[in-house]
Amino acid sequence: MFNVVLALMPAFAVSLYYFGFGALIVTLLAVGSCVIFEYLIQKYILKVTPTITDGSAIVTGLLLAFNVPSNLPWYIVVFGSLFAIGVAKMSFGGLGNNPFNPALAARVFMLISFPVQMTSWPLPVASRLQYIDAVTGPTPLAILKEGLKNGETISQMSDKIPTHMQMFMGLMGGSLGEIAAFALLIGFAWLLFTKVITWHIPVSIFTTIFVFTGILWLINPEKNADPIFHLLTGGVMIGAIFMATDYVTSPMNKAGMWIFGIGIGLLTVIIRVWGSYPEGVSFAILIMNAFVPLLNRYVKPKRFGEEVKKNG
Amino acid sequence: MNMLKTFSKGGVHPSENKISANRSIEILPLPQKVSIPVSQHIGAPATILVAKGDKVKVGQIIAQSAGFVSANIHSSVSGTVESIDAVLDSSGYKRQTITITVEGDEWESSIDRTTDLKKDIQLTSQDIIKRINEAGIVGLGGATFPSHVKLSVPSGKKADVLIINGVECEPYLTSDHRLMLEKGHELMVGIQILMKALNVSKALIGIENNKPDAINYLKIIAGEYKGIEVHALKVKYPQGGEKQLIKALVNREVPSGGLPIDIGTVVHNVGTAFAVYEAVQKNKPLFERVVTVTGKILPRTANYMVRIGTSVSDLIAAAGGLPEDTGKVVNGGPMMGKALVNTDVPVTKGTSGIIVFQSKESKRKTESVCIRCAKCVSICPMGLEPYLLNKLGQQMIFDRMEQENVLDCMECGSCSFECPAHLPLLDYIRLGKAEVSKIIRSRKN
Ligand code: SF4
Ligand code: SF4
Chain V
1 MFNVVLALMP AFAVSLYYFG FGALIVTLLA VGSCVIFEYL IQKYILKVTP TITDGSAIVT
61 GLLLAFNVPS NLPWYIVVFG SLFAIGVAKM SFGGLGNNPF NPALAARVFM LISFPVQMTS
121 WPLPVASRLQ YIDAVTGPTP LAILKEGLKN GETISQMSDK IPTHMQMFMG LMGGSLGEIA
181 AFALLIGFAW LLFTKVITWH IPVSIFTTIF VFTGILWLIN PEKNADPIFH LLTGGVMIGA
241 IFMATDYVTS PMNKAGMWIF GIGIGLLTVI IRVWGSYPEG VSFAILIMNA FVPLLNRYVK
301 PKRFGEEVKK NG
Chain W
313 MNMLKTFSKG GVHPSENKIS ANRSIEILPL PQKVSIPVSQ HIGAPATILV AKGDKVKVGQ
373 IIAQSAGFVS ANIHSSVSGT VESIDAVLDS SGYKRQTITI TVEGDEWESS IDRTTDLKKD
433 IQLTSQDIIK RINEAGIVGL GGATFPSHVK LSVPSGKKAD VLIINGVECE PYLTSDHRLM
493 LEKGHELMVG IQILMKALNV SKALIGIENN KPDAINYLKI IAGEYKGIEV HALKVKYPQG
553 GEKQLIKALV NREVPSGGLP IDIGTVVHNV GTAFAVYEAV QKNKPLFERV VTVTGKILPR
613 TANYMVRIGT SVSDLIAAAG GLPEDTGKVV NGGPMMGKAL VNTDVPVTKG TSGIIVFQSK
673 ESKRKTESVC IRCAKCVSIC PMGLEPYLLN KLGQQMIFDR MEQENVLDCM ECGSCSFECP
733 AHLPLLDYIR LGKAEVSKII RSRKN
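Chains as they are written, first to last, in our numbering: chain V, 1 to 312; chain W, 313 to 757.
Isolated chain V, as found in the complex:
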């Protein structure tokens, strides 16, 4: 788990640079409350030996913080942490048993319960010194959705949408840890290098989104954003690298991982393009989380000596 924390540090550094105080406060609050809730629940409610030393609560806290705006009021952060640990994790029996990624489950829960606070995005750099009264603005995905709804074409919106380079560097509105693709990719490299995760899930998600949005873009570039835009915006990077790869809630073998990743990719694009909410990765991952037991049951690794049996 320590390596996951380390892999999240570049993104954290970037969020401090862009969002300053807000990012610091929200992150400390989320990590602190996740760890404390885990400890209290294990000790006093479940009456088992607390396992906070395994680091999983720290990771949940970090991911939760990274998935919310940097001006989110403190009580919502604490509330979200309580949901993540208490409901999404512990009520299913703790580490290893929860069907949904706790941070994501909490994010969606917060989104439903506090839609306004959860979608007011501080602008990077401009809001560095503010926590609550940050200057806010829409995310690129929201600009796109809104524009398309009003009948604008993509070229008409071009001056409102950040360039690919700006998006790659994280210079756009969004949740505090999801914006900078380069920082998240550094984390990805670290996770691969230390063999914490394999490439299968992230790569299958990226490829699916790229191909699917690429086709739509080729069909009508005025109504559909280009594939790079889709990869760099919203939670695709953080979701694919850090949340879809969560051991507990992802499939147990390579074939299952491919199906899981492709499913997330497809659902993400469908929700973004045809859904009413601009972002789709969180929902897509949660939906596919629900299919994991089924995938594990019916999609098996290739057994040694299996094919010969069929032929012979």
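These are calculated hints, taken from the structure and not from any lab test. If you're wondering where the values come from, they're calculated on a predicted model, not measured in any experiment. Note that the Cβ used here is the ideal one computed from N, Cα and C, for glycine as well. Watch out, some of these pointers could steer you wrong.
Here are some, though not all, of the chain V residues that point toward chain W, as calculated from beta-carbon distances under 7 Å [claimed, not checked]:
1. L95
2. G96
3. Y247
4. V248
5. M252
6. N253
7. A255
8. K302
9. R303
10. F304
11. G305
12. E306
Computed far set for chain W versus chain V, every beta-carbon distance over 12 Å [to be verified]:
13. Q344
14. L493
15. N528
16. S623
17. S680
18. D711
Fit chain W with the ligands to the supplied structure of chain V, relying on the hints for placement.
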């Protein structure tokens, strides 16, 4: 770059620890007595032919094979039969055991005790198999499957290649390594005998690349023998597994539930090939073998030529005795071997090594919960799902374990080795295998 061959699915790389690799094979002094179990092989125990008080010679048959899958047992010493009792063996089971007090060293006169290399193979294929059967040869790699059974190819099947296992992938063990270095020519003749018995023209010797001296030496002398090739393999555990070795060398997969002969291959260990040489060319039954005695805390490590039935404690005594902070003594390699309950058990035909571990090295790490990291799935060389088998085993859902191919598990221990939660996965998988076999047997009856 020359890519070394290996098997494709799963595998781990434990630290090799071949600390006894440079120790030449020494002859262990005769013990005062030996205890020879009559069941040292997979299959039916042999029928005892001697009685208490009988005098026996070295190489005399003392228990006769009881059926096709069974093997003769010979006395490894000369002396008097002291007792015949059920005694604990190294796997913790009580087995009928013949205990002999050693008196002198008188061999059966039919055994050729010279060290001359006899290259000419005079026997016919049938007679070779018969001689191997008489000599009580079993797989010396540890599986102890009677060798004549593997050589008797069922009608309708045919072998086209003989595979010789010189992989020795278990950490610590070096007995096969030394044998290849010191008995290379005998080994080659043994292989030719096996080729003749099977009527194949090609034999492949697979050796892991951490034994370059053995690879080079055998490659050089292989030129003198027809049809034998030596292949260096990448170091990866469990490449010594029969199915993995076949996959590595000839890229064929033994079907689930099937045998190597189903895909035209027969696999024998280098130790077995050497025993075959001695049995066929020297008329010497299998009553001694090379055993590695090793461990980081032993004053000296060694590869001994040991008479079957010598107690493990005698072996360890030769290596300086049990050090004070011994944690456990393992029979076999550290991955697949079993910890001994006590060291009064005898060396048998399947004993390839005895490893002494310090208490610090032998402590099991504290278990935590399965975090579903899928590492066990990706390293399982048989393509099984150890985490699932473990869970099903704990819940005793045996029919589901059968569906999940638990019987394919080769008990290589890679899953337990790799699990970051330190779960002893193989424990429940073994239990499941035993139960599932029982269920299948009862279904047949
Ligand atoms: S399940 Fe069996 S074959 Fe697979 S790694 Fe574990 S012990 Fe080896
Ligand atoms: S290696 Fe251990 S922790 Fe990982 S999935 Fe397998 S059993 Fe679970």
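Taking C-beta pairs only, is Q344(W) more than 12 Å away from all of chain V?
holds (47 Å)
Please verify that hint: G305(V), Cβ, nearest Cβ of chain W, below 7 Å or not.
Hint holds; G305(V) Cβ to chain W Cβ min 4 Å, cut 7 Å.
Does V248(V) hold up as a contact with chain W if the rule is Cβ-Cβ below 7 Å?
holds (5 Å)
Interface hint for R303(V), Cβ within 7 Å of any Cβ on chain W:
This hint holds: R303(V) lies near chain W, its Cβ roughly 4 Å from the closest one there, short of 7 Å.
Interface restraint verdict for G96(V) against chain W (beta-carbon cut-off 7 Å)
Because about 4 Å separates G96(V) from the closest Cβ in chain W, which is inside the 7 Å limit, the hint holds.
Chain W contact restraint for Y247(V) - C-beta distance below 7 Å:
holds (5 Å)
Report holds if the minimum CB distance from L493(W) to chain V is greater than 12 Å, and violated otherwise.
Holds, because the least Cβ-Cβ distance between L493(W) and chain V comes to about 32 Å, which exceeds 12 Å.
Hint validity - K302(V) Cβ closer than 7 Å to any chain W Cβ:
Result: holds, 5 Å to nearest chain W Cβ.
Is the interface hint for F304(V) satisfied, with its Cβ closer than 7 Å to some Cβ of chain W?
holds (5 Å)
Exclusion check [S680(W) not at the chain V interface, CB over 12 Å]:
Nearest chain V Cβ is 7 Å from S680(W), so the label is violated.
Confirm or reject the statement that D711(W) sits farther than 12 Å, beta carbon to beta carbon, from all of chain V.
holds (15 Å)
Chain W contact restraint for A255(V) - C-beta distance below 7 Å
violated (11 Å)
In summary, the numbered hints that this structure violates are 7 and 17.
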